[in-house]
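Heads up: the sequence lines are chains A and B, in that order.
In this text, residue positions in the first sequence follow this note's numbering: the first is 1, and each later residue adds one.
In this text, residue positions in the second sequence follow this note's numbering: the first is 10001, and each later residue adds one.
No wet-lab data here; the hints were simulated from the structure.
Certain hints may be false.
Some, not all, of what chain A presents toward chain B, calculated at C-beta under 8 Å [unchecked claim]: (1) R68; (2) R106; (3) N141; (4) Q144.
Chain B regions said to be covered by chain A (calculated; three or more residues, Cβ under 8 Å) [claimed, not checked]: (5) 10045 to 10057; (6) 10296 to 10305; (7) 10321 to 10327; (8) 10967 to 10979.
From the derived model, a few chain A residues whose C-beta atoms are all more than 12 Å from chain B [to be verified]: (9) V139; (10) S161; (11) R208.
Remember, it's a predicted structure, so these values are computed and weren't measured experimentally.
Glycine is no exception: its CB is placed at the ideal position from the N, C-alpha and C atoms.
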Amino acid sequence: MNVRPSPARSAFTIIELLVSLAVLAIIGVLVAQITSDTAQSTAGSQKRSETASQARMIFDRLSLDLGRMVRRPDIDYLFAKAPGNDALAFYAEATGYSANNSPTRRLSVVGYRMSTDVPFALERGARGLDWTEMAFTPVINGAQQQQLVGTNSLPSLNDASNWEVLGDYVLRTEFMYRTRGQALPTVTPPARIADLEALVLGVALIDRRTAARLSPANLEALASRFPDGEEGRTISDVWAPVVRDPQQLAQQAGVPVSAASAVRVYQRVFRLGADAL
Amino acid sequence: MRTGRPKTNGAALVIVLAFIVLLTITIVAFFAQATLERSISDTSANLHKADDLARSAMATIIGDFRQEMFAGSRADGTPTGAIYLTNQFRIMVPTTNRTAVPERDTNASTFPNLVRRSANDPNAVVFPTTAYNASLLPPRTASPARSDTPSANNRRVSAEDWNAPRLLTADTAPASTNWIPDWVLMTRSGPRAFGSWTNTLRDPSLRNDDYVIGRFAFMVYDQGGLLDINVAGNRLPAAQNLRRGRMHQVDLAALRDASGNPLITDPSQLLQWRSSYTGSNTNAEPNSRSLFDPRRTFVNVEATTSATDRAFISRQDLLRYVNANPGVISSNALPLLTTFTRSKNAPSWFPQTNAPAGGRFAYANRAELPDAINRSFANVRRKTSGTIPSSSSGLIRERTVQAGEPLLHQRFPLYRLGWIGRDGPTNGATAEDVRRAFGLVYRDRGIWTYVSPDGAANSTSAANRIKTLEQVAELSAPRDPDFFELLQAGILQGSLGLSNRSNGVSQTFRTNADTRDIDRSRSRQIVQIGVNLIDQYDSDSWPTTVVFNWDKAGSDLDPPAGSPYTPTSSTNYLRNLYPGVSGIEDLPYIYKIYQTFNWHPQLQPPPPAPPNRIGIFQFVEVWNPNPQASGSGPGPTRFRVRVETGWSVFSWGQVDFRFCTMPMNYGANQQQIVFETTAGNSFRSPQVLTDRNSISGTGWTGASAMLGLYGRPTIGDVHFIPGAWDTNQDNQYRFSHLFFSSTPGPTYRLDYQNENGSWSEYPYQLFPEFCWYYDDHTGNWRGDWPGRRWDRWPENAKAAGRPDPRGVRWGFSESGGWWRINEVLGTWQDSWFGRPSYLPPTGVTDDSGRIYASGNPDASVDVVPFNDWVNWSNGAGYLGNFAFNRPGSTRYVHIDGILRSGDAVNSTAPQDSADQRFRPVILNRPFRTVGEMAYAHRDEPWKSVDFFTANSADAALLDLFTMTDADVYAGVLNLNTRQRLVTSAVITGAIQAERTEQAVSQSVAENVSDEMVGIASSADPIANVSELATRLTPEVSSGQTKMESEAAVRVLGEVGEVRTWNLLVDVVAQTGRFGPAANSLDQFIVEGQRRYWMHVAIDRYTGEIIDQQLELVTDL
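I would like the entire structure built from these sequences, with the hints used as guidance.
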């Protein structure tokens, strides 16, 4: 039997190899680019999703508490406006931490503030009250003047055990107010709670991973770029220009552009009472 | 062999497959994450959508109630059908009583608190077309989809869920379910009713406005008809809550179930928690923040840095408290309790009927006319804008007002009566406060001058008049009406200014005093009632006197010029003599004056002068008909009677008069009679003044001598011959003529001694123009009794008495018989006239119409007084019958043609004067309720301010005045409540009789409650607090007095509320949609839900939301 030997396999020419390598390189670059873009996009989306979730959680929680807020003319509230972050506290028909393990009255002093212990964390505090612990605005010099800011008769929330972190990497919180008869928000709460028709909350957030790459100083620098509220303008009006130009923000805060572009601002208006009536 | 290729191909496959798996996992993870994110996001979004939907639903529900108000209100016709609108201020005056309150759900008979629910049934609420403008009513928006039917994703609101507020029943599940609300479908174009399923409901295409984006259902309760547990009850002893006018005075232990079991089982524990700070503080000073602080609204909880009251902050809070403290409040009490009631403290009364007299007394027809006096309170509009400044004391607060807004923004707070002190403004008030609130300027020692808040203080110009509401509204410098102007606006004008019609109209005796000038002035009666109120309120017994210029102050109210009853210059004698009025106090008053043409041995001159000298002797009987004042403040104790004409010997006609004693001591002229009240004798029974009860040591002589005014002719002695004077003898007649031909007769006045020993500048009572004479049809005035002569029994006396010793009105009446003066002086035989009783003896009636002025009013004149009530004979008339003033008895009608009862109209058995329950009441203490205004004398005989009869002319005062000095306050009870147990609890234990401190029993309170529920359930519910007086049947038992009958009015007059609708709206809102395959209204896919309880108080007359409170319901 004659076995014809198989023809010898010829090797790739150099040209072929070069072409194939070039094509492979191009494909590789394209794939890498796509992969990178996809990863970047996914990461950005995740960052947005993360900050949006964070903001949503903050808003929902506050919405629930404000819905349960006790609105009376004879109790005090704390709408603490200050340069930088604001805070607030009020009575709400919500459960809270209590020395009494099973309080029968669902009433708490609820507060929101930037944590003094955990950097860039927004905290919610809730101190449960029993039937005798609710304090009413005292009569001083013959008058019972409701206090919405400053020293007031609200039970203290200072005990750290009353607080829990509600949101991480919150760069800024800012409250503004919409009062009766006023179309635009104001930085000054009205004299009476009855005149407060809506509370406006703005938060500036950054995602966890980006924040992890920044130093506290960087984060502080970023936060400082968000000014306090301005009379007659919404918080988003004031903050949106800041985040709209990441380059500038990065430059001013001394952080990478990628970090600056990860900062998100959110705002929600919380209607109080049945003000539509 | 080809051994290497398969191995290579397998690796590639594995790699590819691995890559695919990895990619799949990544994609799945990505989508899972995205789905989760979206789910979270949707949940959050739906929560907020549901919140928005719930708020929109509440706005819709409240808007519907406002629309209902609008549809049930009167149109002024400019343009046709318009509801009164002035400068954007709309006033909605109810067309009928029925539209003054919200129409109720037909299930309200089963569930007393239920007002409304979302229902597709057209018969669930019926708006009668006779009362409502059907075209203005809100559309019915509920669809036939019960809220307890499971949705496509199995969400439902069960009966137990709906009863979570425990306002239907105390149980968790009402037995029936026909009351379950239906869903209102919220489409893209708003809430719409669909009678059945239609596929457009599920069609999300953009052009479909019927696409459903959510739904809501609701229940609405009347929580104004419940006991406000945040206000009711205090920690005072029960005795301090007898005189009850505030919700905090209600006895919580009186809230009982139908079996009589207490529902608040431990009130003290509850109050210890709720009212530990102010619960027993009785300070009544304004801004004292105590229980009786008139400025305390009970909306706020009082607190200091070391003590506090407390409150239930929501209904859920109350539910939790009851759940945690079953030993304090029974859960069965929950349908009877509320935590939120508010009252718009502004008047809204308007006259609803015309008086028979018509003309200016067509009250209802004229209520909106500018020149009417009794106006529709809510619809009197300001004509000017500006600022009403605060007073320097701060007691009157600054307020900016606008043209078009209601003039009467707040009821007049009665604590201001305490500003009128004997020595000027008091209780922190300044002269400015008093001038602005009362129009008064202090002069001296209890004397004030009415000058109105406008004009110069010493002026008598038109600016100083008591103005009508319209005149106040027109002032260029805005102000509020003063106290007297409000009285004038509130008391039906046809019930004022009733005068005796005697002289000049027909043959008439002028034995009565001519007080017509006084009587006809309506403004004078207004001032008299006002000052009576002031003196009821103050703690002393010093009469407050208000001086004013009748001609000016009342010229626009008194009869027009040309009327037969227009005062003339010649009859202004009394006005000039005494231009003021004094308040009724706990003091003796001249009740009767006796007169005898006297022949008495002791009169006779010593021999040899001829005997049988005759003279005339008048002596005085005084009486304090008030058994005892409740207060015990200071007051006068020394009084004097004198004749206005002069002090010493004076002449009247041709007779000299002087005060002396009888037996006669004519030479010892004492100029006056001075007497004093002592612990042993305060003249609470009528007494003739004798030297035993007058001041000793002033020259009176004789023992047991009567004191009086003796006159004898100056033309020489006039004698009579006993037994021989059966014919007219010149000298007899002459004497009569000498005396009686002079007019007017002497006017007795009664003064009191001031603290410094001086006598009061003005008398606190007059007995004017006392003389006896009559026209014998020949133009001659004769001084004897017609058909008889005094000569037959010259020792006999005639008497003249007032119908009521406390007033001047109608002068006085002579006796119908003779009075025989016994030889034992100081006593006399009684006659039918002289019984010093408040009510007449048994068996006396007079229905002959002598007093009743049939045919009144006379259309030819403006003011038609009643006829000659003095023309009595044969023992038929009794002054005391005016205490009844009812058919079947001696009576009179007011000039508007209405017979209005006297204080004793409900008496079923004649009472002896010894029964002091029927006597008037002098409080001498601050009022506790607006209802206590009824203690004030009305300046008519035995008639006080009337809060207890259907024909009351004073009922509007219940709506004009208040104890609370605030625009809005908490702690009220809807007078149309269907909860009889609540009304009963409010009334039980309130004082029924001021002096005995008898309290209203629970059974009586339940009777009142049943009657009120009956009225509320009728087609003619109560529309104004004034109807407590005119519609509530007094709880009459044998011998019930007016004051006892008014017990419920006193309580409810202050805590009762009709104008403000206090509602609790329970709304459940769900966002979602109908799925693509949905084919019934039940197949809604619920995506988010919110439930709110909204407490809201709406003013029926303006639609204003005067207060609201929102509860987010999350755990029920």
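Structure-based check of each hint:
Below 8 Å, beta-carbon pairs count as interface contacts, and R68(A) has one with chain B at about 5 Å; its hint therefore holds. A distance limit of 8 Å between C-beta atoms decides the matter here; for R106(A) the minimum to chain B is near 6 Å, and the interface restraint holds. For N141(A), the shortest C-beta to C-beta distance to chain B is roughly 11 Å, which exceeds 8 Å, and the interface hint is violated. Here the hint on Q144(A) is kept, as its CB sits about 6 Å from the closest CB of chain B, short of 8 Å.
Against chain A, the stretch 10045 to 10057 of chain B contributes 5 residues with a C-beta closer than 8 Å to a partner C-beta. That satisfies the three-residue criterion, and the hint holds. Here the stretch 10296 to 10305 of chain B counts 7 residues with a CB under 8 Å from a CB of chain A, which clears the bar of 3, and the coverage holds. By the rule of at least three residues with a Cβ nearer than 8 Å to a Cβ of chain A, the coverage given for the stretch 10321 to 10327 of chain B holds, with 3 such residues. Coverage of the stretch 10967 to 10979 of chain B by chain A is violated [criterion: at least 3 residues with CB-CB distance below 8 Å; count 0].
Remark: the non-interface label on V139(A) conflicts with the geometry, its nearest Cβ contact in chain B lying 6 Å away (cut-off 12 Å). For S161(A), the shortest C-beta to C-beta distance to chain B comes to about 24 Å, beyond the 12 Å cut-off, and the non-interface label holds. Taking the minimum C-beta to C-beta distance to chain B, about 15 Å, the non-interface status of R208(A) holds against the 12 Å cut.
When the structure is compared with the earlier hints, violations turn up for hints 3, 8 and 9 and for no others.
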